[in-house]
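Asks: Join the two chains, each given in its own frame, into one complex according to the hints.
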Amino acid sequence: MTGQQAPAIFEDLSEQFKPSDDIIQTPLQIKGQYAFLFYLKSVVDGNTLQQTVIKPFFEMASEEGFESYIQSLPNRIEVPSKEKLFILISAGFVLIAIGDQTFLLDIRLVKDNEIQDTIMEPTIHGPQKALSEDIEVSINIIRQRYHNPSLKVEDIMVDDLSNRAISLIYDGERANPEMIKKVKKQLKNLNTPLFQSAGDLQHFLNNSKFTLFPTSMVTERPDRIVYNLVGGKVIILIDGSPNVIIAPVIFFDFMSSMEDNYHVSIVSLFTIVLRYIGLFTCILLPSMYVAMTSYNPDILRVELALTVAGGRIGVPYPSFVEVLFMLFFTELLTEASMRLPKAVSSTATTVGGLILGTAATEAALVSNIMIIIIAAVAISTFVIPINELSFAVRVIRLFLLVYTALFGMVGLLIGFIGIVMVLTNKDSLGVPYLQIPWMGKSDELRMDNR
Amino acid sequence: MNRFLFYLILISMMTYMVSTTPRTLIEESANGTVPSLFLAIIAGMVVTYIIISKFSHFPGQGLPEILKSYTPKWFAMPILFIFSIVWFYVGLSTLITYTFIINRFLLPEMSIYVVVLTFVLIITYGIFMTTKSIFYMSEIIFLIVIPFILFVQIKAYFSLHLNMDYIRIAIMQVNQLPNYKSFTTATFIAMGAANLVIFNRYFKKLKKPTRKGMSLLTLFFSYILLTTYFLPMGFGGFDSLDNALYPWILTSDSIRMKFGLIERIVFIFIGAFLALSVVTITMQWHISIQLLSSVFYFKRFKWKSVNLTLPFFALCFWAFSIYRAKTVTSDALYRGVEFFDMVILPITITLLIGSLWLAKRGAASKCPDTKK
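These protein sequence lines are chains A and B, in that order.
Under our numbering, residues 1 to 450 are what the first sequence spells out, in order.
Under our numbering, residues 1001 to 1372 are what the second sequence spells out, in order.
A few of these clues could be false.
To be verified - One side of the interface only, derived from the structure: several residues of chain A facing chain B at Cβ under 7 Å:
# : residue
1 : Arg-301
2 : Gly-411
3 : Leu-413
4 : Ile-417
5 : Asn-425
Simulated from the structure, these hints should not be mistaken for laboratory data.
Just so it is clear, CB atoms sit at the ideal spot from N, CA and C, and this is done for glycine as well.
One chain only, chain B, in its complex shape (with noise of 0.2 Å):
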């Protein structure tokens, strides 16, 4: 498999490690959570798999290029822009998240508007970029924040303060039935692979998913999840967690480095996050303007041989995206994160196999000489 491929999942999986995904899982954790993870890695590596494999159909296509093609309009369309709906609302609630976030704990002082900026406007510029140069984006962020991050991680695997007794509380909870909101909330995580929908441009020769590929994969997925789930618990404790907001980010506070010019490691941590989510957020909404761009592209909205239909969406991105931070609410996020697992991903997910299924049965019955 291409290492581009894996960049563009495992990215979008540690994204959400600090975010909304802990909580969610812990908010659950009396009730299945534990049961639902195992469940979530099945699930989440079954559906990477069928995705990449459905995509390794049309090299060098995106979904726009492959539905319009093999679908009909009337199909395509309403398709396309969904997604670009969907795949804006992600990139949106990981903003505001990670705002939220930084307004917390990194500067309070500041109006949510400028921290929205200082977000937008960079990742404006990243938008525009070329899907091949935000590849090369991701993997220099990626590789330049991936030792933080692990540095992070084996220091709590390793602390003192890590108490294994509360982990061995969560996995006793193993015993019970798995429940739907943490299934779909740690399934979320794993749903990279349908970033595809746009990056598939790139990848001139997607092969299908090679059994060390998603053995890997798995082994990412089960640690990235594992970590999530259970590391916050073992600093935390079992009951007293729930009512945290970022469970992720007390925990790497309890950490200390003594001799580091950094004395609290929280900072190191958000800011590798920081780093990473805005790696993510760039890409969904490259995808999202991509697939907008799509369904609507205005020939004639020039301003001297620029066409300006790009720039009017980005605009309205910013617009949306200062709004909506400014009013919605911790809670109405939460909430709307956890609708958006529960009804929204399931919806889309299905209708991107779906889709893929038709355009590829499409293909077929166009050419059946090359069918075999």
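Here chain A stands alone, though its shape is the one from the complex (with noise of 0.2 Å):
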């Protein structure tokens, strides 16, 4: 070989990669023009590499007009610092000597790019697709959605070892600045050898050990985004996931579905409604009929207190003890439905609903009156719309339900307020998580200094 040398970037590389066996470097080589190409085959696109890169290097007339070529290319970056193109080079760069100079090549190849159905926030009226897997596709759709030049992008770096990239979105206008800069310091202080997914980074971004309420949304659905978008929100997206995180969040936003804006006004207000009975529904019902039954049945009615006593005739321990059984098993059941393949779930949840809805009856297990209650409260759950919220709600009831059993009727009323003190004093990101917004949020926030 005579002529021209690859670079020495090229030697590190190739040690650093080695001894995987889809490095690729290669020289290309015509009349005197040298070019050296480097890259992982796996990840690289060869049909593009090819049209773009290899064809016209053996086209061109000069070494100077190759290079003027590549430099025009649109997909082209600067090439950063060495650590980074490793990173780089690993997630489907490919790196192109000519001369002197080196480029920087974006020929990625991404299987998982396409746009996927909502699934876990369905709505009836709203968009039926979500995001994507591929960070670049979800940024399209979210840029696609949101034309405006003050919609921002940012890459950030993060220390963890999968180096996938994760950008933030805000609009430049609406978001704070603090808020941006506190989003930004959460990330660089992660220390968290891996993270997955959303839901995953979300986990250390909530900053304590023991949380219960989430303090950042996990969405999928476009509108959502758009929506915080205009809200001043920073969204925050990982490659890898569908599912991107929005922060700061407030107690309020996990109570409101997209669909909310899509419907007439007293009908999305009936929603609302509802959805708020079923929140209090699901919290408090479990813990009233064991203060009703056991502590105090004159609170009730005579007639009502008669039913509920004599339905619990037979009933072998007290109430608490059924309350916490028949919970106990509807939680099983939930998780059972979800994990399991879908052709099994049904399954499992028409056995389990039948032994428990009939056969614990007529055993004399629990009473009727309990299966109502359990049923109601296992459907109020799923009112919720955001999952997590629901999930946190299923474990406080739990809190709330063992001082009920405590206290009596004083314990399910006094550890109501305790769950009011645990939310108002929460933050997130500095927000404050739940306060009665009269005056709209912005301005809530500004009140503080009145």
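Replies: Given below as structure tokens:
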């Protein structure tokens, strides 16, 4: 081989990637013109590489011509520092050396870029397509729904092992710069070896060891993303996850469905009221049953109290055991139907529902009214539109149940105040988590200075 | 005026509607309670006005910061310490009153220890929250509770069993000289503004009370005070209510919801006021513990970088309240509250206004340029 040698950086690269078999380091050579390519075969789109780099090389008259051709390609980016270069090469970038110059081209091969259907938050009227697992496609979807130069997309490098691309998206004119700084700082300070998805990242963003209520939201809906962008929030995208993180969020965000915006006002008011009743039902009802049967049956009107007491004839243990027992099995059922393959899950729920519903009452293990209550609670848990909150509610009602079992009606009441306390004491990146927004959220925050 | 200031004042007004206040007022019904009530409305509002406008000179500062920077240390420290004990005592008497109510009407079989524990477990979490969070919490609880309370009162006012003649008899006592006990008792419930000693930290731009705000507040206060006194009269009768320990609970138990899921309205009533009382105690003990920690703060008292001063104080609160709830009798509790209202309350208010006045003079002399 005469003429030129590959630049020193190529040696470093191949040192670094050895002994992978999919590294390709080839010289291109024709009539004294030289170019060197370095890439990973498995993540680079071979066709595009052939079309845009290799073929033109042999058609060009001179090295300079090829150089300026490469220079003008739309997918060329500046060659970054060495560490970042390694990451980019492993993500599917192609390093080209012509003469003394090196160029980096984005010729990634992404197989998971199809747009998914909305699964977690389905709506009737809203858009039916969600984001994609590829970050570029997701950004494309968001940009195509928000044509505004103030929409900023920033790439963030995070110290974890997988070196996934993470992007911040926000509306530069609406988002609070302090908030953006805070989010960036949070992302920089993550010290976790690996995170795989938006849910994962959100867990680490929460910044404390024990959290129950989510302080950032994971969503898949492009319309929710745009809605929140307009509201001045920061969106975090992570490559390989079809979900994004929205921060900061408050409690009421979790109780709103995008469908609220698509209905007639009275109808959406009705559904919102319904949802809050559902929330209170699933938190309070099990504990209320315990309080009303074991501690203060005199609170209910006499007929009702007698019916409840009559239903419990033959049940061999106190009411809180009954409630715990039933709650435990419904939680198991919910969990099972979520994890099992679809074909089996319907069997599981049918069998479980039958056993719990009919057989348990016939065996006098639980009262009839208990079954109704448990069913009501299970249904109303599903009314909560965002899944994370409904998980949190499922846990918090157990705490309330224990407090009520210990302290009776008073325990129920004060325990509920305790839940309110926990929620108001929380904040999501400095924004109070639960407060009554009388005057719109931004005015409410300004209230602090009044 | 800021809406949180209203909550601060209204919640402490309403908490005492059920507990000790009505009994003291009714006890003295033949000795000039009615004129005392009117005097109390004036006095309460004047004191509220003075306290708020004094605090408006120190935006965003609680009493500890104000006193420490503008008055000598030998003056500031005892005052803060006395105040922290006063606020603890107020919270404690509220706690014990409600413990007794629960023990009597809701859970007669439960031990007093357990009832107190029900409260203090949650309240302890509450007093460690930030001042801001306490405001948000109180707002939410207030808004949840107020419909129930209004419902009960509207139902009471329209009840067939409300005998207007009894109320008229009570009003007839207007021509007597006011008595001191009723006066201070009635004034006490308007003293929510004194909670600003710590809660002023939240108000970064507290202004002097506006005319609109004050007249609204006067309206609320008059309504609450007059309802507190006259509504039980209308149900229980002028003469016969003297022996009732909790006149308001008897009153609400006279009302029945014929078609309701809950037939006896007293449970809704107790529940609503119970929630308010939890908020009040949380506020009062929050103030107390903050004042206390401004006097004693043990820097070395640590466990793994967590300073244990505040938890230690909270533990003292627990121990003392459980001990007190067990040992005190109903009667002693009343005497204690009466003594507080008649002696300690005026002293406290005088001290508070006096020290704020001193601090303002201190502030003026420290930086004479800014004085205008």
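Asks: Now look at each hint and say whether the structure bears it out.
Replies: Going through the hints against the structure:
Checking Arg-301 of chain A against chain B: minimum C-beta separation of about 4 Å stays under 7 Å; hint holds. Annotation: interface hint on Gly-411 of chain A holds; nearest CB of chain B at approximately 5 Å, less than 7 Å. For Leu-413 of chain A, the interface hint holds, since its Cβ comes within 7 Å of a Cβ in chain B; the closest pair sits about 6 Å apart. With 7 Å as the threshold, the beta carbon of Ile-417 of chain A comes within range of chain B, its nearest partner Cβ sitting at about 5 Å, so the hint holds.
A cut of 7 Å between beta carbons decides the hint on Asn-425 of chain A: the least distance to chain B is about 4 Å, and the hint holds.
When held up to the earlier numbered hints, the structure conflicts with none and fits them all.
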